[in-house]
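A.B. asks: Sequence:
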Amino acid sequence: MGDLPAILASVEARCPAVAAHCRRVSQYSVLVGVQYGLPPDLIDTIRVGALLHDLGKVAVPERILSKPGRLTDREWAALRGHPDKGVAIVGRLGFDAAVSDIVLHHHERIDGSGYPDGMFGEAIPWPVRLVSVIDAYDALTSPRAYREALSTEAARTLLAREAGLRYCPWAVSGLLSVPRRMLEA
1 MGDLPAILAS VEARCPAVAA HCRRVSQYSV LVGVQYGLPP DLIDTIRVGA
51 LLHDLGKVAV PERILSKPGR LTDREWAALR GHPDKGVAIV GRLGFDAAVS
101 DIVLHHHERI DGSGYPDGMF GEAIPWPVRL VSVIDAYDAL TSPRAYREAL
151 STEAARTLLA REAGLRYCPW AVSGLLSVPR RMLEA
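All residue numbers for the sequence shown refer to the numbering used here, where the first residue is 1 and numbers rise by one.
For the record, the hints were derived by calculation from the structure and aren't laboratory data.
On a predicted model such as this, the values are computed, not experimentally measured, just so you know.
Think of the CB as a built atom: it goes at the ideal place given N, C-alpha and C, for glycine as much as any other residue.
Wrong hints could be hidden among the right ones.
[As the list claims (entries may be wrong)] What follows is a set of in silico ranges between Cβ atoms, one per label pair, in the way DEER data are often shown:
id, residue 1, residue 2, range
1, Leu-42, Leu-93, 15 to 25 Å
2, Ala-160, Ser-113, 13 to 23 Å
3, Tyr-36, Ser-151, 21 to 31 Å
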């Protein structure tokens with residue numbers, strides 16, 4: 001399996017904001033996994049998959065990642081390609097299928113509206129569903145070039161409203177059960 005610290009250092013050098021986001025998603029995903037009493041090997045898979053979930057963004061031009069306005073169709077297509085690029089990288093580095101699933105499918109939604117494969121409901125592996133919710137939460141509560149960050153409460157409310165629609169209800173419940181102070185630290 002690839003040298004995780006070296007991989008993370010290269011992401012940090014190329015895209016510091018992406019690296020910080022991946023660390024938070026991993027930390028919060030582990031918190032929820034521990035709350036659910038998941039076995040240590042599965043928690044480690046979730047930890048590594050969450051750390052690497054946006055690895056493919058190193059192949060997306062910086063001007064797209066930091067663009068303050070709306071993306072063009074071509075730019076959006078380049079950004080939407082980051083899961084495929086990421087899974088290709090983790091595959092070459094020898095990470096297992098469960099980690100690869102998280103990297104490839106973290107933008108899938110249970111209503112089928114996600115990408116890259118438009119997976120629906122139970123077809124999405126549940127560790128992916130967990131990381132997907134945590135990824136959405138951290139993205140919502142982090143400032144972006146094109147919008148201000150939402151408050152913790154606003155992001156929690158939005159995800160609660162979309163539980164069972166776009167996001168897995170048990171994953172949203174897990175996130176909502178994490179004390180706010182832990183998410184705001």
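A.B. asks: List, from low to high, the hint numbers that the structure doesn't satisfy.
C.D. replies: none
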